[in-house]
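Chains A and B supply the protein sequences, listed in that same order. According to the working numbering, the first sequence is numbered sequentially starting from 35. According to the working numbering, the second sequence is numbered sequentially starting from 260.
Please keep in mind that the hints were generated in silico from the structure rather than gathered at the bench. All figures in this text were calculated on a predicted structure; none of them were measured in a lab. There's no promise every hint is true.
Said to hold, decoys possible - Label pairs and their calculated CB-CB ranges: (1) Thr-115/A with His-269/B: 21 to 29 Å; (2) Ala-111/A with Ile-313/B: 27 to 35 Å; (3) Thr-115/A with Gln-323/B: 40 to 48 Å; (4) Gln-78/A with Ser-340/B: 43 to 51 Å; (5) Gln-323/B with Glu-39/A: 38 to 46 Å.
Claimed, not checked - So the derived list for chain B, only partly shown, Cβ under 10 Å to chain A, looks like this: (6) Val-263; (7) Tyr-290; (8) Tyr-294; (9) Gln-296; (10) Val-302; (11) Tyr-309; (12) Ser-317; (13) Glu-359; (14) Gln-361; (15) Phe-363; (16) Gly-366; (17) Arg-368.
For every residue, glycine included, the Cβ atom is placed at its ideal position computed from N, Cα and C.
Each chain, written out:
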Amino acid sequence: GEDVEQSLFLSVREGDSSVINCTYTDSSSTYLYWYKQEPGAGLQLLTYIFSNMDMKQDQRLTVLLNKKDKHLSLRIADTQTGDSAIYFCAESGNNAGNMLTFGGGTRLMVKP
Amino acid sequence: EPEVTQTPSHQVTQMGQEVILRCVPISNHLYFYWYRQILGQKVEFLVSFYNNEISEKSEIFDDQFSVERPDGSNFTLKIRSTKLEDSAMYFCASSVVGGETQYFGPGTRLLVL
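Input sequences plus hints: build the corresponding full structure.
Take a look at the structure:
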């Protein structure tokens with residue numbers, strides 16, 4: 035079945051850029067998403083990219099998609115301590131039920 | 260801003276008991292979903308629901324599970340006879356149409372003793 039993989043952990047200093055990476059296997063993915071989960075909270079949609087796009091920018095967030103390598107990244111510019119959370123990559127394949135397949139999440143720690 | 264809500268936020272139950280988890284999707288959304296996240300594991304798809312019927316379900320969604328939209332606003336997940344391994348965070352989500360962005364609720368943390 036489809037699989038989505040992410041590195042477990044990333045630590046950056048406040049003010050630096052963070053880059054969180056994700057790889058996926060489903061070549062029929064239509065949308066790819068980034069969700070943020072703060073401790074004890076639900077999944078907050080951060081941004082998404084349609085599979086025919088290479089890049090999407092939304093304020094401090096930049097999403098890059100390399101469809102050939104099935105690689106997705108999320109760059110957070112000027113990372114703040116409030117960005118500390120778990121970031122989940124997810125993809126929706128070409129299936130009738132529109133299920134999302136999630137990666138395991140990357141825990142971002144931002145040091146002051 | 261409209262959001263998906265879920266109740267209760269936490270539920271503790273004894274093994275073998277039935278539980279019903281409730282969700283109120285965003286009002287103009289037509290597709291509804293349940294996912295679960297066992298502690299330390301990935302978020303896993305359970306079921307999607309559209310037009311009063313199940314669109315797709317995963318292997319996890321066996322006969323112990325059922326979903327229902329009992330009225331115009333609620334969407335429920337019932338676990339008929341809970342097992343220890345059903346302990347997880349259960350997330351409800353909704354989307355305007357299928358294949359579009361899914362918005363998640365805050366989750367219900369279920370603990371089966």
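Against the structure, the hints come out as follows:
no., hint, in the structure
1, Thr-115/A with His-269/B: 21 to 29 Å, "holds (27 Å)"
2, Ala-111/A with Ile-313/B: 27 to 35 Å, "violated (42 Å)"
3, Thr-115/A with Gln-323/B: 40 to 48 Å, "holds (42 Å)"
4, Gln-78/A with Ser-340/B: 43 to 51 Å, "violated (33 Å)"
5, Gln-323/B with Glu-39/A: 38 to 46 Å, "violated (30 Å)"
6, Val-263, "holds (8 Å)"
7, Tyr-290, "holds (6 Å)"
8, Tyr-294, "holds (7 Å)"
9, Gln-296, "holds (8 Å)"
10, Val-302, "holds (4 Å)"
11, Tyr-309, "holds (9 Å)"
12, Ser-317, "holds (7 Å)"
13, Glu-359, "holds (8 Å)"
14, Gln-361, "holds (6 Å)"
15, Phe-363, "holds (4 Å)"
16, Gly-366, "holds (5 Å)"
17, Arg-368, "holds (9 Å)"
Consistency note: the structure conflicts with the earlier hints numbered 2, 4, 5.
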